[in-house]
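Here numbering that gives the first Met the number 0 is used: position 17 in the sequence shown is 16, and no number is missing along the way.
Since the hints were derived computationally from the structure, they do not count as laboratory data. Every value quoted in this text rests on a predicted model; they were computed, and no experiment measured them. Any given hint might turn out to be false.
When the alpha-carbon atoms are kept at most 20 Å apart in a straight line, the in silico SDA-like pairs for lysine to any residue are as follows [claimed, not checked]: (1) 384 / 250; (2) 284 / 297; (3) 285 / 250; (4) 352 / 287; (5) 117 / 103; (6) 117 / 299.
Computed beta-carbon distance windows for the label pairs [claimed, not checked]: (7) 8 / 232: 20 to 26 Å; (8) 262 / 229: 28 to 34 Å; (9) 107 / 35: 37 to 43 Å; (10) 33 / 230: 42 to 48 Å; (11) 296 / 240: 21 to 27 Å; (12) 110 / 33: 41 to 47 Å; (13) 41 / 111: 32 to 38 Å.
C-beta atoms are modelled at their ideal positions from N, C-alpha and C, and glycine is treated no differently.
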Amino acid sequence: MAMASLYLTAVVLLQIECTVRFFFRNARRVGITALRLAAYVLLSLLPLAAFQVEQYFLPAFYLLYLLRCLLQEKVIPLSKGLVDRDIRARFVVFCSIHLSMLGLLALLTKLSLGQVLKGPQWVLLGAIIALVAFILMNLYPVFNGEKTGIALREGQKKEFQYLFYFLDLGVCYIFEQSLLCLHAQAQNLYLAFFLCGNAISVVLLTVYFQALYRIRDIAGKERSNQALERSLQQGNQQIRNLLASIHFDELTGVRSRLFLIQESTRLLDSEIPFALVYIDLNGLKKINDTFGHLAGDQYLRDFAEMVQEQVRKEDTVARFGGDEFVLLLLWCSRENAEKRIEVIQDRVQNELKRFYFAAGCADTTETRQLNELIALADQRMYQQKEEGRAQRRA
């Protein structure tokens with residue numbers, strides 16, 4: 000009756016372990032038929048057939064457990080590419096826990112180790128305890144919020160070759176122990192080695208996989224940080240590109256109105272003296288009406304290029320709007336600015352015979368307010384334009 004209860008408990012726990020692994024360990028459900036699922040579930044009971052063997056039930060139990068893992072993986076692959084779910088890892092961990100439980104039973108009861116190992120009910124009880132521990136180990140990452148499974152990319156298996164060597168040796172060690180247990184004696188020294196050897200196997204694998212989990216998480220965070228850093232760099236580059244685009248006039252290539260205001264404000268705040276020249280280009284409307292706006296755009300580009308060639312590198316040429324331009328001449332008074340503009344006007348009107356414009360100048364000795372500075376230069380530009388019209392009428 001006791002053996003029947005143990006069998007029933009083992010059946011239930013094997014089914015639970017099978018269910019936990021299927022539903023909580025990232026099972027690939029795509030293409031799984033009802034027949035495959037039924038075969039997967041029924042295979043979980045295969046190790047219990049070992050207890051029908053009279054003498055060699057312990058090695059038979061391990062052999063059938065390993066066979067069960069292999070067949071289940073063939074029916075529904077759940078461990079492909081996952082180092083911590085490798086069949087050998089599952090086998091070594093489970094069997095090491097099982098053998099440790101048998102050693103504890105011998106240690107905590109009046110039975111000798113030989114009696115425990117030769118009694119199928121004790122071996123089955125140890126398997127039940129090991130299954131409970133194994134189920135809890137499988138559920139821990141789920142309830143702890145950890146990602147389950149350490150995936151290996153192509154070419155990474157070579158980096159874990161020593162782990163796989165250890166697992167291969169572990170499988171051999173388990174079967175060797177199961178055969179030696181058939182002749183186990185009751186000596187305490189043997190029991191100590193028996194307990195310690197299996198406990199060390201479980202601890203080594205557990206610590207190794209925990210370290211791999213942490214390494215994987217750290218690597219994931221590093222990849223996220225690198226991706227974030229690349230994203231920030233791209234964002235900063237886009238901002239720089241955007242700033243560069245809004246600081247230059249798209250049509251003529253000279254500075255934009257926004258840059259002119261920012262640069263003038265900076266110079267005024269720094270108390271750097273400068274002259275502001277307000278220019279109004281004549282003839283643009285006539286060119287637009289006669290030859291079209293494309294010709295007018297080219298006229299503006301040519302004029303902006305010509306003015307840029309006539310000023311110093313530290314000076315600023317900006318398109319203020321339409322056919323109006325503003326120059327910022329650093330360390331320059333109004334009188335010097337007017338002389339420089341006269342030279343430019345003489346050259347473009349007498350030599351090039353192409354561009355005609357009126358200009359007005361003001362400097363920072365007259366006012367420290369940007370709006371007043373622009374208005375004053377604009378007013379003088381209109382005065383020059385009216386004087387030019389008066390001369391043409393005369």
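Taking the hints in turn, this is what the structure says about them:
At most 20 Å may separate the alpha-carbon atoms for a hinted pair to count; residue 384 and residue 250 exceed this at roughly 25 Å. At roughly 13 Å between alpha-carbon atoms, residue 284 and residue 297 fall within 20 Å of each other, so this suggested pair holds. Between residue 285 and residue 250, the direct Cα distance comes to roughly 19 Å. Compliance with the 20 Å bound is thereby established for this hinted pair. With a C-alpha separation of about 19 Å, the suggested pairing of residue 352 with residue 287 holds against the 20 Å cut-off.
This hinted pair checks out: residue 117 and residue 103 have alpha carbons roughly 15 Å apart, not beyond 20 Å. For the hint linking residue 117 to residue 299, the alpha-carbon distance of about 103 Å lies beyond 20 Å, and the restraint is violated. As the Cβ distance of residue 8 to residue 232 is approximately 60 Å, the hint placing it in 20 to 26 Å is violated. Restraint check, residue 262 to residue 229: a C-beta distance of roughly 33 Å satisfies the suggested window 28 to 34 Å.
Checked against the hint of 37 to 43 Å, the pair residue 107 and residue 35 passes, with Cβ atoms roughly 42 Å apart. Restraint check, residue 33 to residue 230: a C-beta distance of roughly 46 Å satisfies the suggested window 42 to 48 Å. Taken as a hint, the range 21 to 27 Å holds for the pair residue 296 and residue 240, whose Cβ atoms sit roughly 23 Å apart. A C-beta distance of roughly 45 Å is found between residue 110 and residue 33, which places it inside the suggested range of 41 to 47 Å.
In this structure the hint that residue 41 and residue 111 lie 32 to 38 Å apart at CB holds, the actual value being about 37 Å.
Checked against the numbered hints above, the structure violates hints 1, 6 and 7; every other hint is satisfied.
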